[in-house]
Amino acid sequence: MRNNVRDLAKGIFNNPTPSPLWSYFSYSCCAISLLILPFLPSAGRDLFYLSGYFAFFCVLFNFRYYTVNKKNLILPGLFLALSFSTLFWLVAYKTSGDYINIYRSYMNMSRLFIATAFVLLLALNERLNFQRKIIYFCISAGIVINLYAFYQSIILKYIRIELAFDRATIVAYILTAISLIMMQSILMLKTRYRLVFYALAFMLSYAAIVFTGTRAAMLLYPVLIGLSVLATKNVISHRHKIVIILLLPLLLAVCGFIFKDKIAKRIDDAQRNFVMLNTAKADNSIFSRVWMQIIAIRTGNDAPFGQSAENRAKEALAIIAEEPKLYNAKRYLDVHMHNEVLETYSLKGIWGVAILLAIYLTLLIQSFRPERNAMLLSVSAALILYGLSDVLFFSSEATITFSLAIIFSVLSLKKTREQADE
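The opening position of the sequence shown corresponds to residue 1 in the UniProt record's numbering, with each subsequent residue numbered one higher.
Derived from the structure by calculation, the hints contain no laboratory data.
Just so it is clear, the structure is predicted and the values come from calculations on it, not from any experiment.
You may find that some hints are simply not true.
Claimed, not checked - Computed spacing ranges between beta-carbons, pair by pair: (1) N129 <-> F57: 18 to 28 Å; (2) R266 <-> F57: 25 to 35 Å; (3) F150 <-> A253: 11 to 21 Å; (4) V196 <-> D302: 16 to 26 Å; (5) F150 <-> L385: 46 to 56 Å; (6) Q271 <-> R298: 27 to 37 Å; (7) K71 <-> V254: 37 to 47 Å.
What the hints assert, rightly or not - Simulated crosslink set (DMTMM-like; lysine to aspartate or glutamate; CA at most 25 Å straight-line): (8) K94 <-> E310; (9) K265 <-> D334; (10) K314 <-> D302; (11) K325 <-> D268; (12) K330 <-> D98; (13) K133 <-> E323; (14) K314 <-> D98; (15) K94 <-> E371; (16) K262 <-> E162; (17) K325 <-> E310; (18) K325 <-> E315; (19) K262 <-> D166; (20) K325 <-> D302; (21) K260 <-> E162; (22) K330 <-> D269; (23) K133 <-> D268; (24) K94 <-> D334; (25) K233 <-> E371; (26) K157 <-> D268; (27) K190 <-> E371; (28) K330 <-> D166; (29) K330 <-> E315; (30) K265 <-> D166; (31) K414 <-> E371; (32) K330 <-> D302; (33) K157 <-> D269; (34) K314 <-> D334; (35) K157 <-> D261; (36) K71 <-> E126.
Backbone N, C-alpha and C define an ideal beta-carbon position, used for all residues, glycine too.
Could you put the whole structure together from the sequences, leaning on the hints where they help?
See below:
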């Protein structure tokens, strides 16, 4: 009887290859999650968790299959490390009070990255070829979501579009991730008109980002597009690369002319911020970020192995009292320090920064090995560069979107016969 139970357990948990149904269930939930997240955030979040449950049980029942390739364990393992290290920090410091929203945001991030880790492990070890499905889905989702951005701006007359969220800046980051995978998917189409389609899609997606009024995204999105084009290999010819790179400034000029009023307003706001540089208590969205990052460094230096949000705020207030020019950072002490690395350093210390930087580095390496993945490179670059002036992981919606963009980027690679047989 005992031997029969042992044999049954071996059969359940050490299947030679997983059923394809696990992949279809998990990736279908991911796809629907990305598509509905800008409209129904709570439903999109629940579906992402559901995809994580499917992936967890798939790994559990096929443990040997998913742990044979040790290299494919690194990136999911780092996401798990970030999740569990954050949970340990929460256990050590979480209290109810004025800073409870900080703890809640990081609790949500931890849960989401656990789901990300298991779905990503499925994707990295996927033996089925989902490339064509991923390409068509990314294009469809990108068009639908960007058109909805147009609807909010043109029809509903939003000054800065917010989709279903409450922060236009986060919407810009989300649109960037979605548009990057859409644009690269268009390049991967097997059609003679893909360059025309690519140009139209760029104008659509860049206009949507302009509608958010987010200066960082307006500047970085064309750079990220150029990076993805230059990194593309065996998809478009060298001549087509040159055509696209030369075409980008022209398309930007056209968008700039069409939406000159919106762009001019954001330029005027930036100039006003520079004029008010020495006015300590004036609202200054540009230099507030600089002051917050100074506060983050100094409070982090006082607690290099981590501290509570309350203690960080107490130290920050003492610093502001000594240096009134940093006053603008005060209003953000119950939120975050507007820099992913420095925010992590100021709360979780050196160990938190080490894990975060390891994730960044591994994403960049994964973009080139075992083969070049321009889609993953552009998404990873966006995650890192936007993290210089904001904390993307503080937002559940941004965390989900970038996690899904990473997963779809991995699945966008065509499986070779050798990879399928591994």
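Consistency of the hints with the structure:
no. : hint                      : in the structure
1   : N129 <-> F57: 18 to 28 Å  : holds (23 Å)
2   : R266 <-> F57: 25 to 35 Å  : violated (47 Å)
3   : F150 <-> A253: 11 to 21 Å : holds (20 Å)
4   : V196 <-> D302: 16 to 26 Å : violated (56 Å)
5   : F150 <-> L385: 46 to 56 Å : violated (25 Å)
6   : Q271 <-> R298: 27 to 37 Å : holds (29 Å)
7   : K71 <-> V254: 37 to 47 Å  : holds (44 Å)
8   : K94 <-> E310              : holds (9 Å)
9   : K265 <-> D334             : violated (29 Å)
10  : K314 <-> D302             : holds (12 Å)
11  : K325 <-> D268             : holds (23 Å)
12  : K330 <-> D98              : holds (13 Å)
13  : K133 <-> E323             : violated (56 Å)
14  : K314 <-> D98              : holds (12 Å)
15  : K94 <-> E371              : violated (42 Å)
16  : K262 <-> E162             : holds (15 Å)
17  : K325 <-> E310             : holds (22 Å)
18  : K325 <-> E315             : holds (16 Å)
19  : K262 <-> D166             : holds (20 Å)
20  : K325 <-> D302             : holds (20 Å)
21  : K260 <-> E162             : holds (20 Å)
22  : K330 <-> D269             : holds (21 Å)
23  : K133 <-> D268             : violated (44 Å)
24  : K94 <-> D334              : holds (13 Å)
25  : K233 <-> E371             : holds (9 Å)
26  : K157 <-> D268             : holds (21 Å)
27  : K190 <-> E371             : holds (20 Å)
28  : K330 <-> D166             : holds (21 Å)
29  : K330 <-> E315             : holds (11 Å)
30  : K265 <-> D166             : holds (21 Å)
31  : K414 <-> E371             : holds (10 Å)
32  : K330 <-> D302             : holds (18 Å)
33  : K157 <-> D269             : holds (20 Å)
34  : K314 <-> D334             : holds (11 Å)
35  : K157 <-> D261             : holds (14 Å)
36  : K71 <-> E126              : holds (14 Å)
Violated hints, in rising order: 2, 4, 5, 9, 13, 15 and 23; the structure is consistent with all others.
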